[in-house]
Amino acid sequence: MKQSLLTILRNKKTSREDFRKAANKLCSLIASDAGSFLSEEKISVETPLQKGHGTKVVDNLILLPILRSGMVMLPAFLNLYETAKVGFMGIRRDEETALPHIYYENFPTISKNDTIFVLDPMIATGGSTIACLKKLEAYKATLSNIFVISLISSKPGVTLIKKTYPDVSLYSIAVDPSLNDKKFILPGLGDFGDRFFGT
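Its first residue numbered 837, the sequence shown is counted upward by one per residue in this note's numbering.
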């Protein structure tokens, strides 16, 4: 299912309407998958018949979308993780140098026990992700509790992130092999934000 939806996103003939529909469905599936990264604690509950045992998710999740494309992923995650705190990270990539430029940050209070989901649909060079992780490191986030969640990553980007931050976990539906000379993922799907927002 995820690969079929991703194929719709990859297709250059996909309309903006269908692109949005597929992206939103895909983000819902990813949000569900990400539940496996969360800690659970055992609890007891009273059923209508007797006491039973189960679990509940520990309420220590922070969602951190990287603007602007990461905002596409946020509604699906908030739909599942309603008590999560939300931060925002604005990173713009210089179109000539491909280097990241941070233009906005707004983080909630971060504790060492918090789980953090960094949301970014496309990871190309890995530069924006690393810039975000450096900020989180400065805020004393526990690196092993950080999960970078994307739709498509490039192999060079993944390699750089894992080399720089080996304790951080990466989740991506697809890892594409290369980048072009403008640092776009190949085969990729083009510019995710442009195709989703139309600007």
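Because the hints were derived from the structure by calculation, they are not lab data. All residues carry an ideal CB built from backbone N, CA and C; glycine is no exception. Wrong hints could be hidden among the right ones.
[Claimed, not checked] Now the in silico label distances, taken between C-beta atoms and shown as ranges:
| no. | residue 1 | residue 2 | range |
| --- | --- | --- | --- |
| 1 | Arg-928 | Val-894 | 31 to 37 Å |
| 2 | His-889 | Leu-865 | 26 to 32 Å |
| 3 | Glu-941 | Phe-873 | 22 to 28 Å |
| 4 | Gly-1026 | Val-894 | 25 to 31 Å |
| 5 | Phe-873 | Leu-935 | 18 to 24 Å |
| 6 | Pro-884 | Arg-904 | 22 to 28 Å |
For each hint, the structure was consulted:
For the hinted restraint 31 to 37 Å between Arg-928 and Val-894, the CB-CB distance of approximately 34 Å keeps it satisfied. For His-889 and Leu-865, the hinted distance range of 26 to 32 Å is satisfied, since their beta carbons lie about 29 Å from each other. For the pair Glu-941 and Phe-873, the supplied restraint of 22 to 28 Å holds, since their beta-carbon distance comes to about 23 Å. Taking the beta carbon of each, Gly-1026 and Val-894 are about 38 Å apart, not inside 25 to 31 Å as hinted.
Restraint check, Phe-873 to Leu-935: a C-beta distance of roughly 30 Å breaks the suggested window 18 to 24 Å. At about 47 Å, the CB distance of Pro-884 to Arg-904 disagrees with the hint of 22 to 28 Å.
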